[in-house]
Amino acid sequence: MKKIIIYTVILFMLMYPLLVGFSNYYLTIFFMMSVYVITALGLNLLLGFGGQVSVGQAGFLMVGAYSVAILSSKVGLPFIVTLPLAGIITGIVGLIIGLSAARLKGHFLAVVTLGFGISVPQIILNWQGLTGGYSGMSVAKPTFIFGIHFYYVVVLITLFIIFIIYNLVNSSLGRAFIAIRDSEVAAQSMGINVPLYKLLMFVISSFFTGVAGGLYAYWFSFVSPNDFTLATSFLILAMVVVGGLASIPGAIIGAMVLSLIPHYTDQFVGLTNLIIGVLMVFIILVRPNGLASIKKMSFKNLTFGKKVGNKGVIKDAEIG
38 MKKIIIYTVI LFMLMYPLLV GFSNYYLTIF FMMSVYVITA LGLNLLLGFG GQVSVGQAGF
98 LMVGAYSVAI LSSKVGLPFI VTLPLAGIIT GIVGLIIGLS AARLKGHFLA VVTLGFGISV
158 PQIILNWQGL TGGYSGMSVA KPTFIFGIHF YYVVVLITLF IIFIIYNLVN SSLGRAFIAI
218 RDSEVAAQSM GINVPLYKLL MFVISSFFTG VAGGLYAYWF SFVSPNDFTL ATSFLILAMV
278 VVGGLASIPG AIIGAMVLSL IPHYTDQFVG LTNLIIGVLM VFIILVRPNG LASIKKMSFK
338 NLTFGKKVGN KGVIKDAEIG
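When we follow our numbering, the leftmost residue of the sequence shown carries the number 38, and every step to the right adds one.
Calculated directly from the structure, the hints in this document are not laboratory data.
These numbers come from a predicted model, not from an experiment.
Glycine included, each C-beta is placed from N, C-alpha and C at the ideal position.
Please note: incorrect hints may appear among the correct ones.
To be verified - So the derived label-pair ranges between C-beta atoms look like this:
{"no.": "1", "residue 1": "46", "residue 2": "232", "range": "19 to 27 Å"}
{"no.": "2", "residue 1": "144", "residue 2": "222", "range": "14 to 22 Å"}
{"no.": "3", "residue 1": "301", "residue 2": "117", "range": "31 to 39 Å"}
{"no.": "4", "residue 1": "59", "residue 2": "177", "range": "44 to 52 Å"}
{"no.": "5", "residue 1": "62", "residue 2": "223", "range": "21 to 29 Å"}
{"no.": "6", "residue 1": "112", "residue 2": "227", "range": "41 to 49 Å"}
{"no.": "7", "residue 1": "207", "residue 2": "59", "range": "43 to 51 Å"}
{"no.": "8", "residue 1": "148", "residue 2": "175", "range": "14 to 22 Å"}
{"no.": "9", "residue 1": "165", "residue 2": "308", "range": "29 to 37 Å"}
{"no.": "10", "residue 1": "46", "residue 2": "305", "range": "41 to 49 Å"}
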């Protein structure tokens with residue numbers, strides 16, 4: 038049954054441009070879903086599977102986007118080289134942040150990542166010679182053999198990243214992340230190098246986020262410091278929480294649902310944040326494991342703020 042669902046979803050993704058007549062508006066909606074799916078999966082790897090709180094993902098998106106802009110426009114590198122390099126550069130930035138945060142956790146770690154997310158736009162604004170400052174940077178859209186539409190390239194990359202993360206969390210590396218999340222002391226007693234694995238979490242998470250930022254730059258052919266704000270970081274965090282921590286389907290569902298909301302509410306000031314905030318509170322109170330667990334929902338097991346005990350704690354990776 039799961040395979041049928043997966044194949045149906047993939048078929049829909051391939052047929053989607055034909056269904057909407059290659060409308061740029063509807064393709065952009067689906068594209069933004071893909072960007073947020075990749076970013077939410079990256080954060081879920083860090084937060085859901087690794088237990089490391091980050092509220093600075095917008096900063097990593099911006100690093101990836103500007104890496105593509107600089108490498109493609111100023112250096113002249115092709116798409117096939119630029120996009121992986123954007124991920125690597127963002128991964129190096131994640132390594133630097135991880136080095137300073139390797140021995141931190143909880144709200145201390147959240148503050149460090151928050152500071153990073155706030156500082157990146159300011160660095161870009163003031164480094165005008167490289168980034169264009171307030172004016173932003175234009176990015177040439179890549180061309181592909183046989184005239185393949187960029188949409189299909191994005192779909193292929195998104196599916197490939199989902200496949201990689203699925204296998205990663207099922208590997209010994211993923212199990213080490215989960216062990217650290219559950220208890221750093223117990224993980225260390227089992228011979229797991231906790232600081233090293235925390236660094237790996239940051240590097241891998243930021244790499245995928247950088248790739249998502251690079252795709253964003255290519256799709257819109259322009260990047261500016263206003264594209265990714267602190268609100269973006271909180272939106273990505275909400276996607277992971279609403280979808281379900283430590284759940285790959287949850288991160289995908291949360292990203293798809295919450296990325297749609299702004300398209301219908303942005304004309305009303307403050308309504309987007311209100312809806313997302315209320316949805317987060319509702320999910321945390323009623324369904325702590327997120328939308329991914331809604332198939333198991335019944336009136337008998339709604340929590341409504343009650344203690345959920347061991348059943349409300351995700352002890353193992355929920356991946357399907």
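Status of each hint after checking the structure:
1. 46 with 232: 19 to 27 Å: violated (38 Å)
2. 144 with 222: 14 to 22 Å: Check passed, 19 Å falls within 14 to 22 Å.
3. 301 with 117: 31 to 39 Å: holds (36 Å)
4. 59 with 177: 44 to 52 Å: violated (20 Å)
5. 62 with 223: 21 to 29 Å: violated (51 Å)
6. 112 with 227: 41 to 49 Å: holds (45 Å)
7. 207 with 59: 43 to 51 Å: violated (37 Å)
8. 148 with 175: 14 to 22 Å: Violated: the Cβ-Cβ distance is about 35 Å, outside 14 to 22 Å.
9. 165 with 308: 29 to 37 Å: Roughly 35 Å apart at Cβ, these two residues keep to the hinted range, so it holds.
10. 46 with 305: 41 to 49 Å: violated (31 Å)
Checked against the numbered hints above, the structure breaks hints 1, 4, 5, 7, 8 and 10 and satisfies the rest.
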